[in-house]
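Protein chains in written order, with my numbering: chain L, 1 to 260; chain Z, 1 to 280.
For the record, the hints were derived by calculation from the structure and aren't laboratory data. One or more of the hints may lead you astray.
Dumping the calculated DMTMM-like pairs for lysine to aspartate or glutamate here, alpha-carbon to alpha-carbon at most 25 Å [what the hints assert, rightly or not]:
no.	chain 1	residue 1	chain 2	residue 2
1	Z	Lys130	Z	Asp119
2	L	Lys36	L	Asp49
3	L	Lys258	L	Asp162
4	L	Lys65	L	Asp37
5	L	Lys65	L	Asp162
6	Z	Lys8	L	Asp166
7	Z	Lys130	L	Asp162
8	L	Lys258	Z	Asp119
9	L	Lys258	L	Asp166
10	L	Lys65	L	Asp49
11	Z	Lys8	L	Glu59
12	L	Lys65	Z	Asp168
13	L	Lys65	L	Glu53
14	L	Lys36	L	Glu53
15	L	Lys36	Z	Asp119
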Amino acid sequence: MRSSWISRLPSFLLVVFTYLFLYVPLFVLVVFSFNKDPFPAPWSSFTLDWYRELWVSTELWDAFKTSCIIALSATFLSVLMGVMLVFFLMKSVRVQRILGIFYANLVVPEVVLAVGLLSMFSFLHVELGMRTLIIAHTVLGLGYVIPVVYQKYMTIDPHLIDVSMDLGATLGQTFMRIVMPLLRPALYAAGLLVFIISFDDFILSYFCAGSSAQTLSMYIYSMLRIGISPVVNALSTLLLIISSICVMLFCYYNVRSKLL
Amino acid sequence: MKNHWIQKYLPFTLGSLSLVWQALFFYVPLLCVIVLSFTGDTPYAAFQGFFSAVYVRIIVRSLGMAFLTASMCLMIGYPFAYFLVFHTHRLRNLLLFLVMLPFWTNFLLHICAWFFVLDRQGLLSYLLQKLGILSGPLMILNTYWAIIIMMVYFYLPFMILPLYTALDRFDQRLLEASLDLGATWWQTVTRVLLPLTMPGIRVGFLLVCIPAFGEFAIPEFMGGDRTMFVGSVIKHLILGAESEVAGSAFTLISSLVLVIVIGMLYLIIGRLVPSRYEKE
């Protein structure tokens, strides 16, 4: 095999360029959040004014709160329901057959689901708002949670569950004391994934939110429509930091879930 | 007696909660789209409007954009993932983390970031002028180019991650064996590497194509809302014009077209690339 570095040079360059492609825009975005003059002007001087403006914007905080509530509820609901599906149905049905039902969530375009949900809600005269968004994001989350949890569940020794039941634990106790601790890393990983997907989701929120709830994505969208303002940059910088923390945690739990 | 009943059925009920949820809020809405499409004045009224040249062109344009995006992502992503799996050792986790990070951040934020690069007074324009490649400012925003760049940028991680997983499972010794046994480099790639990593390619292609087909925010911002795509039409019909019947009908038609085209593509690729190793 030709293993000299010359033969690797093209692919090495490709990798470098891809990382530049991925990160230069983000870098520029972050840099301009500290620039005193708004965008078309070049760099003038360092300032934190835009962050201060962000800090006092009540609309932003409302949107942030809405996004957090929705993402947390969707995460909680989808993880809880996903775990219960895997654990309780495992006894009576072969879950693998059921899993196919949930793969559709990843394959159907989000716009189609959004249109469907919107028409169903309006047909039933359900008022659009946070509740409908939580419902929609939970559906989205189930598609990610169930495969992750199922994979982890398959690695648990089934004898552990049998032993626990034989020794007199109820099904509920076995679930809480044996299965949940073993699944924990996978649950954290799946939960983080759902949280960030819900937090960043735009299409479903845009269709199913109505006029009462505004998520962070929708807030950014409306700000972008008006034009670029350094406030958006400041907000983006903060979101980037939040995302990095989430990804780091995700990687950590994902690795642990594979090791344990 | 009552207690016994609870003990018998409670686990099953708890377990099926997500199934009920999935049925109610996923499959029923999809049915709604189908049913609603046929509730015009006459059953097919909603569809008639869409068999015109304008809408056909929009669907074809969206399909073209989705496939172009997916192919470009594949061309960049495959060698990239290959390098990451086989030629990085200690840095691999960090590099993978850096690929995942954009995938986990709000995509509107990426759009915003690209404004700074592609704008007439943006970074790219500045650099090209400094280097003397361009004499005037770069006018790329509001063109197809801007949309394609943005789409490739946004969907690249969706392609790289499944490719990475597929290549990670691939045994590199197979390549050496193939080369040792006298296969040319090209034969090794087309007969060994590609067939064995085909599942990853397939998943990546789907993950990029499907959302790219329905995308409306990227064309709206990068294309200046001048060129219509499937996503923008759906958004306009449902939210703008408040004509749900027409909107559902168009959603139905365009999704069917997407499904049929992807299905046909898979049949063709399945014929071209020998897939007998896949079953392993």
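Outcome of the hint check:
For the hint pairing Z:Lys130 with Z:Asp119, the CA-to-CA distance comes to about 15 Å; that is within 25 Å, so the pair holds. In summary, the hint linking L:Lys36 to L:Asp49 is supported, as the alpha carbons are separated by about 8 Å, within the 25 Å threshold. Proximity of L:Lys258 to L:Asp162 is assessed by CA-CA distance (about 23 Å); at most 25 Å being required, the pair is judged to hold. Between L:Lys65 and L:Asp37, the direct Cα distance comes to roughly 29 Å. Violation of the 25 Å bound is thereby established for this hinted pair.
Taking the CA atoms of L:Lys65 and L:Asp162, the gap is near 44 Å; set against the 25 Å cutoff, the hint is violated. Between Z:Lys8 and L:Asp166 the alpha-carbon distance is near 17 Å, which keeps this suggested pair within the 25 Å criterion. Of the pairs offered as hints, the one joining Z:Lys130 and L:Asp162 is violated, with about 72 Å between alpha carbons and a cut-off of 25 Å exceeded. Among the hinted pairs, L:Lys258 with Z:Asp119 is inconsistent with the structure: their alpha-carbon atoms are about 44 Å apart, more than 25 Å.
Distance restraint check for L:Lys258 and L:Asp166: the Cα-Cα separation of roughly 28 Å exceeds the 25 Å cut-off, and the hinted pair is therefore not satisfied. For the suggested pair L:Lys65 and L:Asp49, the alpha carbons sit about 22 Å apart, so the restraint of at most 25 Å is met. A C-alpha spacing of about 50 Å is found between Z:Lys8 and L:Glu59, which places the hinted pair above 25 Å, so the restraint is violated. At roughly 40 Å between alpha-carbon atoms, L:Lys65 and Z:Asp168 are farther apart than 25 Å, so this suggested pair is violated.
Restraint check for L:Lys65 and L:Glu53: the C-alpha separation of about 17 Å stays at or below 25 Å, so the hint holds. Taking the CA atoms of L:Lys36 and L:Glu53, the gap is near 13 Å; set against the 25 Å cutoff, the hint holds. The straight-line distance between the Cα atoms of L:Lys36 and Z:Asp119 is roughly 19 Å, inside the 25 Å bound, and the hint therefore holds.
Hints 4, 5, 7, 8, 9, 11 and 12 from the list above are not met by this structure, while the remaining hints are.
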